[in-house]
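**Q** Those protein sequence lines, which keep their order, are chains A and B. Numbering-wise (the working numbering), the first sequence opens with residue 93 and increments by one. Numbering-wise (the working numbering), the second sequence opens with residue 87 and increments by one.
Hints listed in this document are in silico derivations from the structure and should not be mistaken for laboratory results. Glycine is no exception: its CB is placed at the ideal position from the N, C-alpha and C atoms. Warning: the hint list may mix true and false statements.
To give an idea of the interface, some chain A residues facing chain B are shown, with a C-beta separation under 8 Å as derived from the structure [claimed, not checked]:
(1) 125
(2) 133
(3) 134
(4) 135
(5) 137
(6) 193
(7) 194
(8) 197
(9) 198
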Amino acid sequence: EPEVTQTPSHQVTQMGQEVILRCVPISNHLYFYWYRQILGQKVEFLVSFYNNEISEKSEIFDDQFSVERPDGSNFTLKIRSTKLEDSAMYFCASGSGGYSEQYFGPGTRLTVT
Amino acid sequence: GDSVTQMEGPVTLSEEAFLTINCTYTATGYPSLFWYVQYPGEGLQLLLKATKADDKGSNKGFEATYRKETTSFHLEKGSVQVSDSAVYFCALLNYGGSQGNLIFGKGTKLSVKP
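Full structure from sequences and hints, please.
**A** And the structure:
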């Protein structure tokens, strides 16, 4: 069964460093998403991506964040200069339609020290 | 704005016990409702969904009915197993203009003891 994969599973970085979180969505899906979950809090929407551009973004997704689909298979989330409060589990998801089910990856745990 | 509220966990049950995890929502329009499950070390998996009022979603013995009058989507299972131990998330997807971003509850951790 096709699945969404994410790498790395755990990333530790120092404050101010850039990180890139990688995702491989399900191959025939067209809609891609990033969510995050700070420990003990809700899963929160960050950004949606369709047709090589951002469809929607939340207030969390400020200028420090960017997304890219560099090669037709990977979907990346970059945080330019990490802050302590960026420590969270980051989930990638993909779907075949804008309002269809979203399939989630296992997540990347980002720890900023 | 739209929101989802779930009962606080953790919930601890014995095997074969009856499970209810409460979920209520606030939304404009006519959202779709979902339950996702996260097993230890894994990602979020769609458990079941309902797209309109009075729909019942079901999967793996779990059920939830979309109740518009009470804005609820409670998850139930008649007889839980140890393998059901996981975190359960209620979520909504509103068709009111956003491009499909899910709004989640905080999650409820379920532990089932043999």
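**Q** Failing hints, ascending?
**A** none
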